[in-house]
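A.B. asks: Note that the protein sequences, when read in sequence, are chains A and B.
Our numbering numbers the first residue of the first sequence as 1 and each following residue consecutively.
Our numbering numbers the first residue of the second sequence as 1001 and each following residue consecutively.
Just so you know, not all the hints are guaranteed correct.
Unchecked claim - PhoX-like, lysine-lysine: derived pairs with alpha carbons at most 25 angstroms apart:
id: 1; chain 1: B; residue 1: 1129; chain 2: B; residue 2: 1193
id: 2; chain 1: A; residue 1: 45; chain 2: B; residue 2: 1193
id: 3; chain 1: B; residue 1: 1244; chain 2: A; residue 2: 42
id: 4; chain 1: B; residue 1: 1037; chain 2: A; residue 2: 45
id: 5; chain 1: B; residue 1: 1233; chain 2: B; residue 2: 1244
id: 6; chain 1: B; residue 1: 1194; chain 2: A; residue 2: 42
id: 7; chain 1: B; residue 1: 1194; chain 2: A; residue 2: 45
id: 8; chain 1: A; residue 1: 42; chain 2: B; residue 2: 1037
id: 9; chain 1: B; residue 1: 1052; chain 2: A; residue 2: 45
The set of hints was computed from the structure by calculation and includes no laboratory data.
Okay, here's what each chain looks like letter by letter:
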Amino acid sequence: MWQSDRALTLPVLPDPKQSFLPYGNGRSYGDSCLNQGGIALKTRKLDRFIRFDVHAGILSCESGVLLAEILRLIVPQGWFLPVTPGTRFATVGGAIANDVHGKNHHVTGTFGNHIRQFEVLRSDGQRLCCSPNENADYYAASIGGLGLTGLITWAELQLRWIGNPWLDVETIRYDSLSEFFALCLASDRDYEYTVSWVDCSGQGKRLGRGLFMRGNHAPLGATHGKYSARIRTFPLVPPISLVNPFTLKAFNTFYYHRQLAKRTRQIQHYEPFFYPLDGLLEWNRIYGPRGFYQYQCVMPHRAGELAVTELLKEIAKSGMGSFLAVLKLCGDMPSPGMLSFPMPGVSLALDFPNRGEVLQQLFSRLDAIVSSAGGRLYPAKDGRMPGSLFRSGYSRWPEFKRFIDPRFSSSFWRRVMEDV
Amino acid sequence: MRKILIIGATSAIAEATARIWGQRGDHLFLVARNAAKLQLIADDLRVRGCPKVATYCMDANNLDAHETMLDAGKQALNGLDTVLIAHGTLSDQTACQQSVALTLQEINTNALSVIALLTHIANRFEQQKQGTIAVISSVAGDRGRQSNYVYGSAKAMVTTFTSGLRQRLYKSGVGVVTIKPGFVDTPMTAEFKKGILWVSPETLARCIDSAVEKNRDLSYAPWFWFGIMAVIKLIPEWFFKRLKL
Chain A
1 MWQSDRALTL
11 PVLPDPKQSF
21 LPYGNGRSYG
31 DSCLNQGGIA
41 LKTRKLDRFI
51 RFDVHAGILS
61 CESGVLLAEI
71 LRLIVPQGWF
81 LPVTPGTRFA
91 TVGGAIANDV
101 HGKNHHVTGT
111 FGNHIRQFEV
121 LRSDGQRLCC
131 SPNENADYYA
141 ASIGGLGLTG
151 LITWAELQLR
161 WIGNPWLDVE
171 TIRYDSLSEF
181 FALCLASDRD
191 YEYTVSWVDC
201 SGQGKRLGRG
211 LFMRGNHAPL
221 GATHGKYSAR
231 IRTFPLVPPI
241 SLVNPFTLKA
251 FNTFYYHRQL
261 AKRTRQIQHY
271 EPFFYPLDGL
281 LEWNRIYGPR
291 GFYQYQCVMP
301 HRAGELAVTE
311 LLKEIAKSGM
321 GSFLAVLKLC
331 GDMPSPGMLS
341 FPMPGVSLAL
351 DFPNRGEVLQ
361 QLFSRLDAIV
371 SSAGGRLYPA
381 KDGRMPGSLF
391 RSGYSRWPEF
401 KRFIDPRFSS
411 SFWRRVMEDV
Chain B
1001 MRKILIIGAT
1011 SAIAEATARI
1021 WGQRGDHLFL
1031 VARNAAKLQL
1041 IADDLRVRGC
1051 PKVATYCMDA
1061 NNLDAHETML
1071 DAGKQALNGL
1081 DTVLIAHGTL
1091 SDQTACQQSV
1101 ALTLQEINTN
1111 ALSVIALLTH
1121 IANRFEQQKQ
1131 GTIAVISSVA
1141 GDRGRQSNYV
1151 YGSAKAMVTT
1161 FTSGLRQRLY
1171 KSGVGVVTIK
1181 PGFVDTPMTA
1191 EFKKGILWVS
1201 PETLARCIDS
1211 AVEKNRDLSY
1221 APWFWFGIMA
1231 VIKLIPEWFF
1241 KRLKL
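Take the sequences, apply the hints, and build the full model.
C.D. replies: Here's what the structure looks like:
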């Protein structure tokens, strides 16, 4: 596929019911990147860089370029992604279409906040150059637009300057959610990156305990030796999930007590800091043949603390959940997309081994808490949310709908719209 | 640092190979038919750190244009020491069977244009007494099969020609590397159903790079095709003709 080829148009589909959906590197957890019965526009071959202004830190590239490929190019030249999700194996197009966020959301907002412009190819052959000033409506619809507004062919992003690839990281153990919120308040101004791991199996006195991580890029000139990546691959799919109530409890207790001191400080390379899971390829196999669901919600501040307590209580009581439980305070910077996930408030993300009906029942109870707190779930991580929860969480969906390309659709979109 | 001429530079395999070489600091002279695509690839290579990229538009079937192109390449890079010939087409075999013109066009593109280029390049490299000429042939050239014997026979010609050329240029210190890829997932093979034997253009590019670095003579890419083709070549013709390959 060639982005500059002016003749590039999407093929005309013989069956009027068939539809397109861009597919990047398939890192979304649910069905937002799937289009059952339709055509996937695989974008990984759109992997060319177009321009890199190394003085201004402005990079343009085709939409199938992986964040990992960008990092390989820019980090040695003193630049970093302005915002990065928890995996570097996502494409630029995917990062825009899901308006991803990262550990610096409280400072820099979402990925879309740093996209200067991009092009959308529509099924009628139209090419729309979108920026905050040009086709601003399509800009807002396509950022976080789940690939439904057309095919993003290229994008231009503003990078962030760094002195070196290292981060100065502090890890603080906290015993309760109120301590977590106090730590956020105390850290958000002085630390560019904050995130926390929460022990989702803790009940009673242990409810809401975890590890709070905060960090900044290490200053220029500081050298910290050589980093050699250790990337392993999880070799096989075990017959049953290795994550179960017993291993979960044991691991979480062990992990919580991993550091004896209340507070530790270390210099860490950006790879393990931002992408711990990328160090174990095919990690999802741990959950066995039935796989896993992720539940990621965000809830506004006023109801947030109470709602998170409720959620953690429900989860701990169920004994389900996994090691990967992440709590993060989102900042106030408005997201540029109509359907962007983050909002000012608190976000909780948890993986669950797929245990069928019991898990779906737990999800329904969690939905009720999120919904009454005025929160919403993250489409990029979702494979099951009820349409009503999507629509109440994303109030701009009727406005967004007008920008969907008539020949584009996804399994996710049909699912959350079927009962309208 | 090499000074490399790539013909058929917009092919997926050539592009992936150019990335390896460009990122390593080699100087590249890229030749292909489509100026817009060449421009995209050159921009990409520059961003990736290639210190010198020049492009040139030419149809390899225009035999009269070869020498001018070689002069331009030599001038642009201040000499040439490595060549990768990567252009080619894969027409539908059944369409070829119905059309003499299409069959001959396939032979022209995949064999005669390559041989014309090699003749010029061989003479120049023989004179400068150094250099490496890498040519992408194919496992399809090892034995004619009903499913693509037009393409296959063109590649057989390239394989045989480069074999002779290798002998001739050996004493001048010029290496000739014949690369025989198996199935590669590129736009040329977009219509094919892919199985476990298929590899990405990036994998093939690594094979080419290593074959050129080691100055190999014949290189199946990836290596396991050596075994597969050894078996296929052993099958006696009376039996082979009954197969559905």
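A.B. asks: None of the hints should be skipped; say for each whether it holds.
C.D. replies: Hints versus structure:
{"no.": "1", "hint": "B:1129 with B:1193", "in the structure": "violated, 45 angstroms"}
{"no.": "2", "hint": "A:45 with B:1193", "in the structure": "holds, 18 angstroms"}
{"no.": "3", "hint": "B:1244 with A:42", "in the structure": "violated, 32 angstroms"}
{"no.": "4", "hint": "B:1037 with A:45", "in the structure": "holds, 14 angstroms"}
{"no.": "5", "hint": "B:1233 with B:1244", "in the structure": "holds, 15 angstroms"}
{"no.": "6", "hint": "B:1194 with A:42", "in the structure": "holds, 15 angstroms"}
{"no.": "7", "hint": "B:1194 with A:45", "in the structure": "holds, 16 angstroms"}
{"no.": "8", "hint": "A:42 with B:1037", "in the structure": "holds, 19 angstroms"}
{"no.": "9", "hint": "B:1052 with A:45", "in the structure": "holds, 24 angstroms"}
Of the numbered hints listed earlier, those contradicted by the structure are 1 and 3.
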